Amino acid sequence: MRAGVIRAYVIKEFIELMRTKLIIMVYLMPSMILLLFGYGIKMNVTHARVIIIDNDQSHYSRILTTKFEHSKYFNPIIKNMSEKDALGLIKKAEADIVIIIPPSFEKKLLKSEDSEIGVFIDGSYPARATTMANYAKGVILDTLSKEAKKAGIKSKIIVLNSRFLFNQSLRDANAIVPGLIGLVMLVAPAILSALLIVKEKERGTIFNFFASPLSKSEFITAKLFPVFLLHSINIFVLFLLALYIFEVPFRGSFLLYWLSSEIYILISIAIGMLISVITKRQIVAVILTVIITIIPGFLYSGMLMPISSMKGDSYIEAHIFPVMYYTHILYDTFWWAKGLNRQKLSIIFS
Amino acid sequence: MWAFMSVLTKEMLLFFRSAGLVAVILYAFSMDIYIAGSGIQIKPRNVTVGYVDHTNGGLSQKILSHLHAPEFRKPRWFKSQKELSEAIFNKEIIVGIIFEKDFANSKGATINLLLDSTAASQAFTTLGYLQNILLSFYSSNMPVKIKIHKLFNQNSDNRTFMALTEMLSVITLLIVILTAVVFVKEKEDGTWDIMLLMPVNSKVIILAKSLSQVIIILMGVLISLGFVVLGTFDTPLNGSFWAFMLLTFFYSFSSAGIGLFVAAISKNVMQVAQLSIIIIMPLIFLSGAWTPIYAMHPFIRWLSIFSPLRYYIEGSESIFFRGTSFFDLWPYFTGVILLGILLYGYGFRKIGRLF
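Line by line, the protein sequences give chains A and B.
Be aware that the first sequence starts at 17, since it is given in our numbering, and climbs by one per residue.
Be aware that the second sequence starts at 321, since it is given in our numbering, and climbs by one per residue.
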């Protein structure tokens with residue numbers, strides 16, 4: 017491994033990268049992904065479009081509708097249309113929820129007879145549907161129990177005081193941004209490293225390398241060192257973005273974050289290298305890298321759902337993939353500051 | 321006409337000769353969608369629960385017995401709140417329940433919950449689940465029954481939704497990249513300038529090349545629909561199949577237009593890769609695939625009007641889940657076709673210029 021030779025080839029790689037203006041994209045892509053998803057993904061449901069059909073128009077039914085109007089989760093419109101028309105609106109994707117209060121609702125309520133409120137929810141987005149269902153139920157039952165208390169009826173209601181640890185306000189940005197950094201740092205170095213090597217293969221210039229006195233390890237080092245360097249700077253860029261634009265709290269050790277990120281970049285470069293071995297054309301390399309890294313990156317990072325909840329083979333796959341460990345560490349450094357005992361997993365992995 | 325067919329056939333042959341590419345495309349349309357669909361479950365599963373019980377049991381045990389498999393693991397007992405918090409910190413449990421001493425008195429009860437919000441969405445749904453369990457306990461004396469109907473997706477089966485979304489994302493990604501690369505490869509080899517100078521009308525060549533990739537993608541869509549989406553996941557197809565294929569066809573042209581644009585400004589495949597990902601990522605993730613449009617930031621909502629993927633996703637969802645009639649789909653078709661004409665036309669002209 018001759019330093020002078022490697023240096024020469026590294027400079028050549030850098031010049032090539034500059035010439036193809038790829039440098040811009042190395043930084044633009046991760047930052048853009050972070051910004052877009054950070055602002056775009058909202059897991060809380062607010063301003064759901066609700067149509068309330070009040071067939072009763074009584075004192076209590078109006079209290080109920082007022083409660084919906086004052087809730088930040090719902091944007092209710094009180095209309096007088098038939099059930100069929102309202103459901104048609106859901107079909108046309110113009111409404112999310114239709115609530116139907118039956119006639120003689122108040123009469124039955126006062127006589128303690130059973131009456132039924134119908135809640136129809138657009139189930140196309142299952143997660144949101146479940147959340148909206150829970151909210152709607154909560155609002156209705158809450159209102160009713162409060163009214164019952166006012167009327168002096170003893171109703172036992174259990175109140176849940178919930179505290180979300182680590183992310184008190186359940187801010188979407190806090191939850192997602194560390195996971196996004198994990199995803200981005202998996203995808204970007206892999207694509208770049210795969211392309212750099214496969215580009216030579218496809219154009220045939222790799223034979224120049226074979227014929228030259230360059231040894232294999234020198235070749236690999238020279239090819240991948242620029243990628244490593246460029247993305248190391250990216251670590252800081254993403255960190256600053258997370259801290260200042262998304263205002264994610266950082267309570268852990270920066271050294272741990274930096275070290276584990278560097279190791280993670282190495283893993284990502286290794287994935288890219290693996291892909292470059294089995295592909296001969298650049299386009300195949302690109303598509304393969306994207307498919308192998310983005311989907312598992314999202315799924316197994318634990319951003320959308322915790323790993324413990326995964327079934328059989330997904331569970332095994334999640335453990336094989338490095339994203340889980342890295343995002344674990346990230347969440348740790350950003351939120352918990354528990355420190356070094358997490359580091360072990362990542363080192364075992366690399 | 322003959323020139324058109326020969327270029328088309330040439331591109332298709334080139335595609336099928338590259339075994340790696342065929343394999344990757346097949347994988348993208350089958351395994352990838354399968355993984356995406358089967359991986360994510362929104363309902364809580366295997367949720368680890370811990371509890372601290374300061375009461376004498378009875379009611380608290382009754383409540384805990386409602387937390388059972390497959391959604392929850394058997395609740396673990398902890399001595400004190402401090403130990404409970406430690407367990408959450410160490411990620412041993414996701415939810416901690418604390419029953420205080422005066423839990424079940426006559427005035428009503430309060431339960432304290434500690435939730436690990438690292439997986440925010442699961443924490444939220446777990447909270448909803450617990451609320452439901454508790455409400456069902458005590459709303460029995462409430463004379464109002466709330467009947468919740470989840471239209472189109474009774475069991476909130478998230479797999480079908482994820483599979484469909486993934487397929488739409490794959491379609492977008494592949495069309496843009498494939499179309500762009502088909503042109504940029506010629507540029508790299510230097511044969512594109514020659515093609516433009518040939519006596520064959522360059523428009524015919526461009527049309528044939530892009531159409532060949534569209535056909536490949538449509539075949540992939542058929543495969544993935546048949547085997548994965550409809551077969552393995554049993555996605556309901558409440559609307560018309562042909563409406564979906566027609567929508568896909570028009571949408572492919574708008575994506576191909578983006579691919580043409582990318583090809584026009586890139587000089588080699590590396591640039592294509594990075595540029596197309598930069599363009600596609602915002603398209604995919606902000607166009608209502610992961611979060612519905614009306615729930616997003618107003619500025620982003622305004623931007624998404626220009627994204628053909630948004631109309632495609634809404635249209636596809638309406639076709640698959642809501643069973644919208646063909647006639648009611650006109651806003652989606654209009655959006656896709658209009659944007660398609662714009663994008664494809666612009667990309668077409670840009671790549672047809674020699675310099």
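Because the hints were derived from the structure by calculation, they are not lab data.
Fair warning: there could be bad hints in the mix.
Unchecked claim - Taking lysine-lysine and the DSS-like style, the derived pairs with C-alpha atoms no more than 30 angstroms apart in a straight line are:
| # | chain 1 | residue 1 | chain 2 | residue 2 |
| --- | --- | --- | --- | --- |
| 1 | A | Lys217 | A | Lys100 |
| 2 | A | Lys100 | B | Lys467 |
| 3 | A | Lys166 | B | Lys465 |
| 4 | A | Lys127 | B | Lys402 |
| 5 | B | Lys465 | A | Lys296 |
| 6 | A | Lys108 | B | Lys465 |
| 7 | A | Lys217 | A | Lys239 |
| 8 | B | Lys587 | A | Lys95 |
| 9 | B | Lys505 | A | Lys232 |
Stated by the list, open to error - Partner residues are not named here, just some residues of chain A that face chain B (Cβ under 8 angstroms, in silico):
| # | residue |
| --- | --- |
| 10 | Ile236 |
| 11 | Thr237 |
| 12 | Val293 |
| 13 | Ile307 |
Since this is a predicted model, take the numbers as computed values, not measurements.
Ideal Cβ positions, reconstructed from N, Cα and C, are used throughout, including at glycine.
Taking the hints in turn, this is what the structure says about them:
no.: 1; hint: A/Lys217 to A/Lys100; result: violated (63 angstroms)
no.: 2; hint: A/Lys100 to B/Lys467; result: holds (17 angstroms)
no.: 3; hint: A/Lys166 to B/Lys465; result: holds (20 angstroms)
no.: 4; hint: A/Lys127 to B/Lys402; result: violated (48 angstroms)
no.: 5; hint: B/Lys465 to A/Lys296; result: violated (63 angstroms)
no.: 6; hint: A/Lys108 to B/Lys465; result: holds (28 angstroms)
no.: 7; hint: A/Lys217 to A/Lys239; result: holds (13 angstroms)
no.: 8; hint: B/Lys587 to A/Lys95; result: violated (57 angstroms)
no.: 9; hint: B/Lys505 to A/Lys232; result: holds (28 angstroms)
no.: 10; hint: Ile236; result: violated (18 angstroms)
no.: 11; hint: Thr237; result: violated (20 angstroms)
no.: 12; hint: Val293; result: violated (12 angstroms)
no.: 13; hint: Ile307; result: holds (5 angstroms)
Of the numbered hints given earlier, the model fails hints 1, 4, 5, 8, 10, 11, 12; all others are met.
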